[in-house]
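Colleague: Residue numbers (our numbering), protein chains in the order written: chain A, 1 to 436; chain B, 1 to 279; chain C, 1 to 273.
Among the clues, some could well be false.
[Said to hold, decoys possible] The calculated lysine-lysine pairs, modelled on BS3-like cross-linking and capped at a C-alpha distance of 30 angstroms, are:
# : chain 1 : residue 1 : chain 2 : residue 2
1 : A       : Lys155    : A       : Lys412
2 : B       : Lys136    : C       : Lys103
3 : A       : Lys220    : B       : Lys136
4 : A       : Lys412    : A       : Lys174
5 : B       : Lys136    : A       : Lys179
Don't read these hints as lab results, they were simulated from the structure.
Chain by chain, the residues:
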Amino acid sequence: MKKRLALLAGVSAALVLLLGACGSKDSGSGSAKDKTETITFINHKTDWTTNGKWKEYMKEFNKKYPNIKVKIETITDYAGQMKTRMNSDQYGDLFMLPDTIKPKDYAHFVEPLGKKATLEKKYLGLTNKSYNGTTYGIPSQLNASGMVVNMKVFKDAGIKTFPKTTEGFIKALKTIKEKNPEVTPLYTNYAAGWTLANWDFTRPGITGDKQVTNKLLTDKAPFTKGKVMYTIYDTLYQVAHDGLIESDPTTSDWEQSKVDMANNKIGVMVLGSWAVPQVQDANKENADNITFQTFPATAKDGNQYISVGADYNYAINVHSKHKAAARKLLNWLVNDSDYAKDNGGLPTLKGAEYPEALKSMQESGVKLIEPAAAPKGKESLFSEIDDASEIGLDTTDKTKQRIIEAAVGNSKESFNDIMKDLNTKWADAIKTVGSN
Amino acid sequence: MVLFTVIPVILLLVFSYYPLVKMIQYSLTDWDGFSPSSNFVGLKNYKTVFTNPTYFSVFRTSLYYFIATFFQLGFALLFATLLSFKVKFANFWKGVLFFPYLLNGVAIGFIFLYFYKQQGTLDTVMNFFGLHNQIKLWLGDRSINNISLAFTSVWRYTGFNFLIFLGAIQSINPEVYEAAEMDGANRWNQFKYIIIPGIKEILFLNIILGVSGSLSVFDIPYIMTSGSNGTNTFVIQTIDTAFKYNKLGLASAMAIILLLIVIVVTVIQRVATRERSAN
Amino acid sequence: MKKFTVSAFFKYLILVIGAVIAILPILVVFIGSFKSNNEFLTSGVLSLPKHLDFSNYKTAFVNGQMLVGFKNTAIIFVISMAGKLLLGSAFAYAINRFDFKLKKPIMSLFMVAMLIPAITSQVATFQLINSMGLFNKIWSVIILNLGTDVVSIYIFMQYLNEIPVSLDESAFLDGANYFQIFGKIILPNLKAPMVTILIISGVQIYNDFYNPFLYMPDPSLKVISTALFAFKGPYGTNWPVILAGVVIVILPILIVFLALQKYIYNGVVGSVK
């Protein structure tokens, strides 16, 4: 028996060694002796892999840092797959920080980048990815949230200026549908899922209130008539209910939607300003007609606002063995590259130039608004309540999909039922999170 | 000699039993999957699964697949019976009916996305038969999308059951048929009194496999609809809960529940089979 | 005699309907894969392509990195199969031919393991693979293929019963040790179950989506399933390219099936006994 046990121990030790050897082979290459380091940068920009843009960028980067080789990985369902992958410690060296990671957990996953107070002098939009005064992510760009609009579609239907109220907006979409039944007035991109979060992002712009998100932390019935989330979801429900969206939302296609909009087959998509160049690229001759507008609503003070917020943040994997090299790439992307401009966003670096699409809107009197930071010590609270409620405000697609399904008659829920349910879930979540 | 068994046993312990023990342990905590610490919460996670409709409702999706299992077995039995008698091109029919079973799940996903899409294969076929007013959004319409997905599963697995049944039928002694034919039994009687009793065992086994199969449906809905619009299955929900919502404790409880159901069903099958063969 | 023709008519009618349902979804994929995107959008799914356009295959194969997929699938296949066959046969040999203290408990360990559907324990397996440092390494999938394989051991055990013990004994008397007996007597007699396992597990490994998808997200570790799944993104609406990708994935299986039909049938039937 003893012999057998010894044998067993021996074999298992051998097995462990074998596994260990396999494991360390790949990771051992990054020792300090190596002159060239290879780092992995994981991001969501699949289109840049296909069109070779990332290759160009890295060529540029290697002019400055010839000793850092960058392996680019792009993922289509980025947030979902990356979140899964972050349950391991292999998620690249530099990567885009998914928004579903809670601020209090940043330290588990990502390397601190510096004191917020210092970095703030140079960069915009750091509030979201900072915790206790330390910054963990730097935005790749800032986005305006609102609507990508094909003005030709509107003008063809006799609408000269983009509406300023939700009523006017729905009326305009109806006119488009009547004048030209071939056109989809508003394309939801239901199937892609992540696209729907853009509806949630418009709330500071609609209210003109920097604190709108912070107020949600204590509001036990935010989905009540007259409040901003109700207005947003009500608009979504109405356009879907009135048949102003794509006929089969579940098989709608993100890539196709950009092509269709560029070719005047779609009037509006609720997205960020980053989408403008992508749509323009789909049909360069029609680029001038693709504009960016704020959500059709006017704040209580009579002004129109458009909310700007950070896009995905660059962050460095806390388990990375090439942190210094990853930081060099991060700095280069934020300070030196044209990333923001090429993506239709505002640069994170203070004092850099704004893109055309936003300049013109600023001239027409729409004010930019950046949401305020969460109260100190409560940076995680919003995502905790959101997670506990499973409503997925700003993140997942389930609630928005549920509203569309109800509106087109796929489910039997009424809009008010859903809002009531959301209120209950939100209130319960505040209670559960508060009691922890 | 023990040497020969050590590696497989270690592998088994490490990859089958260790995760199981770990999961039972996780299921009693509120662990999020990465924090160094977690709290013991007792049976709270199990209670959540049974009381929160978000989690419980996925069992309803399983029902579609479970009912589909019976269609699958029915078709399989029909074709197996037909081909167990003399048929021209027997090998051709057999090959065609069986082939879908060998296909890659992702390929099947795409094949049926193409099949069900607007103006896709199904719509074309229905137009051809003049049924255009019956055309629906096969994957979009909540009243039918689970049926569309379950049909995909039937299409995929019928060939497997068919082959198993055919094998079982063909292993029945041919003299029995000859004797029956001499007694003037027609095909229906042969089916009823010879084939069915001859494959009762294997039929029962396949129904049981259908129960666990319908609970662990994953790749078809994951690839085709990502579980959206009411097509979420138990396994997709478990994985999302674990990795996307970081509720590893809760997800483990879900997995344990699934496991228990499967084990109970299998044990019932084993016991029933044993009792029958004892009789 | 007349009655027979009526029933024969129905018999063939049913078979034809079944065959059409089985083939049609695949057939339209073949048809569509040869069309240009323009022709695809303007013609029906059942209308034949005007001319054979192989450019979709090129796009799918090159841009879709199918070659990487085939390479990785091949690596996983070869190592997993070698491991399965060797470990399985040796294990079955030890259990079948020898008596030792732990034999009963070991047997029951395997019996119970048969009941656990692998997908249910993913939640914990993920943590395990990660803590072993195997995440995003090809070994993760290989070791899971080996670690959760109970079926092949069962198949081997069944066949071992049929190899007469007298063969071992006479070799033993000729002075052969256990390893020699295993190598010279047992292994050559296990060809039939090996073919069965090769086919059953082979198809499984070739078609495996979930493990590679979960454990090897690195694009250079794409297998054939995950390479095809990745078509969902950048080629979202370019159906002809997706269809060509599907055909590329199906083709090897079709060839193997046509060549080894009989073995495959026996293998599948043998695996459930």
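Colleague: Each hint should be assessed against the structure and marked as holding or not.
Modeller: Each hint tested on the structure:
1. A:Lys155 x A:Lys412: Cα-Cα ~37 angstroms, so violated.
2. B:Lys136 x C:Lys103: 58 angstroms, violated
3. A:Lys220 x B:Lys136: 40 angstroms, violated
4. A:Lys412 x A:Lys174: 24 angstroms, holds
5. B:Lys136 x A:Lys179: The given pair, whose Cα atoms are some 27 angstroms apart, holds under the 30 angstroms limit.
The structure fails to meet hints 1, 2 and 3 from the earlier list, while all remaining hints are met.
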